[in-house]
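So the protein sequences, as listed, match chains D, C and R.
This note's numbering numbers the first residue of the first sequence as 1 and each following residue consecutively.
This note's numbering numbers the first residue of the second sequence as 1 and each following residue consecutively.
This note's numbering numbers the first residue of the third sequence as 1 and each following residue consecutively.
No lab work stands behind these hints: they were computed from the structure.
Honestly, I wouldn't trust all of these hints.
Pairs involving identical chains hold if they fit within one copy or between any two copies, as the list cannot separate such chains.
Result set (DMTMM-like, lysine to aspartate or glutamate): computed pairs, CA atoms no more than 25 Å apart in a straight line [claimed, not checked]:
| id | residue 1 | residue 2 |
| --- | --- | --- |
| 1 | Lys100 | Glu137 |
| 2 | Lys120 | Glu156 |
| 3 | Lys100 | Glu136 |
| 4 | Lys67 | Glu116 |
| 5 | Lys120 | Glu153 |
| 6 | Lys79 | Asp129 |
| 7 | Lys96 | Glu153 |
| 8 | Lys100 | Asp129 |
| 9 | Lys134 | Glu156 |
| 10 | Lys96 | Asp129 |
| 11 | Lys62 | Glu143 |
| 12 | Lys9 | Glu156 |
| 13 | Lys9 | Glu153 |
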Amino acid sequence: MLSHVDTSKKTLIVFSGDFDRVFAAFIIANGAAAMGDDVTMFFTFWGLNALRKPTKQKVSGKTGLQKMFAAMMPRGPGKLRLSHMNFAGAGPVMFKSAMKAQNVMSLEELIESAQEQGIKFVACTMSMDVMGIKPEELIDGVEYVGVASYLGEADEANVNLFV
Amino acid sequence: MLSHVDTSKKTLIVFSGDFDRVFAAFIIANGAAAMGDDVTMFFTFWGLNALRKPTKQKVSGKTGLQKMFAAMMPRGPGKLRLSHMNFAGAGPVMFKSAMKAQNVMSLEELIESAQEQGIKFVACTMSMDVMGIKPEELIDGVEYVGVASYLGEADEANVNLFV
Amino acid sequence: MLSHVDTSKKTLIVFSGDFDRVFAAFIIANGAAAMGDDVTMFFTFWGLNALRKPTKQKVSGKTGLQKMFAAMMPRGPGKLRLSHMNFAGAGPVMFKSAMKAQNVMSLEELIESAQEQGIKFVACTMSMDVMGIKPEELIDGVEYVGVASYLGEADEANVNLFV
Chain D
1 MLSHVDTSKK
11 TLIVFSGDFD
21 RVFAAFIIAN
31 GAAAMGDDVT
41 MFFTFWGLNA
51 LRKPTKQKVS
61 GKTGLQKMFA
71 AMMPRGPGKL
81 RLSHMNFAGA
91 GPVMFKSAMK
101 AQNVMSLEEL
111 IESAQEQGIK
121 FVACTMSMDV
131 MGIKPEELID
141 GVEYVGVASY
151 LGEADEANVN
161 LFV
Chain C
1 MLSHVDTSKK
11 TLIVFSGDFD
21 RVFAAFIIAN
31 GAAAMGDDVT
41 MFFTFWGLNA
51 LRKPTKQKVS
61 GKTGLQKMFA
71 AMMPRGPGKL
81 RLSHMNFAGA
91 GPVMFKSAMK
101 AQNVMSLEEL
111 IESAQEQGIK
121 FVACTMSMDV
131 MGIKPEELID
141 GVEYVGVASY
151 LGEADEANVN
161 LFV
Chain R
1 MLSHVDTSKK
11 TLIVFSGDFD
21 RVFAAFIIAN
31 GAAAMGDDVT
41 MFFTFWGLNA
51 LRKPTKQKVS
61 GKTGLQKMFA
71 AMMPRGPGKL
81 RLSHMNFAGA
91 GPVMFKSAMK
101 AQNVMSLEEL
111 IESAQEQGIK
121 FVACTMSMDV
131 MGIKPEELID
141 GVEYVGVASY
151 LGEADEANVN
161 LFV
């Protein structure tokens, strides 16, 4: 059977919440969108942290365990850690400083650019349930879906990456 | 040349042995199988630990180095570590507790479900040789192959992920 | 729209600089090349360290921050760390010893074999700018490109992995 793969579609599963991996995912996503591709980013597990609003949100209905998760995990792109050479937060500062010196867009700018370019942000509801992350805690413009939705999109794409 | 890609086939390389990554792989695999896809999971390196039987198996022919590897690596899904916030084992306990509270299937159940759904488990013999893992130490129903076999399957699939 | 996916092409993004992940990437790449596939490896972030020459190169125009990065990151395949059980360098020694005992090619041999088989090595110029890695510091035969070039290649491939 010949597939109906549309070369203009890409999906990325953003599983990692490491600054460097999330950054790479957004570089690829923005690059593809700039080339005219439809791009869907599926945020799951630690990757959800990249979409968190930077301030604590008032939400109800969290268990004690979920409150603990929420408190321990970074809130938003400004708080993500490096996968290597994190040095208790000094690594990301160094990295961001080097990025700025090279006129590379910041992660915050890349996220904004992604939304402006129409990249679809979808968040995995199952991970959100487990980690106790509520929709109010994530930035606007995110859709809430399950794995079946991701698989449906991936079926139509020609590049599917797990980051 | 038009490809003969069958949209109903997926492959996942399970390289990581981190609880969270293995869990994500099984969620995707089970989801795809539930949608009628053929799924092959290729376990290599640390990912092999997810298929280990939980108890020490009597096997012969291991070198001292291989015995050391075997002793240091987790035996089975119940012993896998989290990639972040492992806290000497407290992290996975918290995670599993949160999963249970949300009625999310456990990793053990996902593995069982994957086998019931006919998902093909293949183990990388080269990694097994290096790490000294013997077939008797892995759960039943696993095929033993090399990278060429993975590549043959990936050629027929439309979604190929490296986890 | 039917795609013009050529089943004989593969791409790998080598983001990780962990010995085990880089090793897995080269096993897959060499395997695919041996089966007659065109393979492109896109080295970015920590993955660039796998292509560094093992000795310090005389280069000019680095900022203080870039010199710090360069000094802290491993130079070449012989210096990469394991993602798990690194044990301050003892892990990779154990691994390499086990690989040798099983007649598995070393990472250095796999890199050489990849180049002999015509696998294309491309390095991400943006990561190089940020980390301050200069072309003179990488092994010969590497092309220097941006993310658009990667995406162009991935569009033509049927297996695209992020390692």
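| request: Evaluate Lys134 and Glu156 at a C-alpha cut-off of 25 Å and name the case that applies: within, between, both or neither. | output: neither (29 Å within a copy, 39 Å between copies)
| task | Go through the copies and call it for Lys120 and Glu153: within, between, both or neither, with a Cα cutoff of 25 Å. | result | both (11 Å within a copy, 23 Å between copies)
| Homo-oligomer pair classification [Glu137, Lys100; C-alpha up to 25 Å] | between (28 Å within a copy, 23 Å between copies)
| request: Indicate which option fits the pair Lys100, Glu136 if close means a Cα-Cα distance not exceeding 25 Å: within, between, both or neither. | output: between (31 Å within a copy, 23 Å between copies)
| query | Within a copy, between copies, both or neither: where do Lys62 and Glu143 come within 25 Å Cα-Cα? | reply | Within one copy only: 21 Å inside a chain, 43 Å across chains, cut-off 25 Å.
| How would you label the pair Lys96, Glu153 (within, between, both, or neither) given a Cα cut-off of 25 Å? | neither (33 Å within a copy, 29 Å between copies)
| request: Up to 25 Å between alpha-carbons, please classify Lys67 paired with Glu116: within, between, both or neither. | output: Neither. Shortest intra-copy (32 Å) and inter-copy (36 Å) distances fail the 25 Å Cα cut-off.
| query | Quick one: Lys120 to Glu156, C-alpha cut-off 25 Å, is that within a copy, between copies, both, or neither? | reply | Close inside one copy (14 Å) and across copies (23 Å); limit 25 Å.
| query | When no copy is specified for Lys9 and Glu153, does a C-alpha distance of 25 Å or less occur within a copy, between copies, both, or neither? | reply | For Lys9 and Glu153, the Cα distance is within 25 Å both inside one copy (9 Å) and across copies (14 Å).
| query | Quick one: Lys96 to Asp129, C-alpha cut-off 25 Å, is that within a copy, between copies, both, or neither? | reply | between (32 Å within a copy, 12 Å between copies)
| task | Using 25 Å as the alpha carbon limit, work out where Lys100 and Asp129 are close: within a copy, between copies, both or neither. | result | between (36 Å within a copy, 11 Å between copies)
| Is the C-alpha distance from Lys79 to Asp129 at most 25 Å within one copy, between copies, in both cases, or in neither? | both (22 Å within a copy, 23 Å between copies)
When held up to the earlier numbered hints, the structure conflicts with 4, 7 and 9 and fits the remainder.
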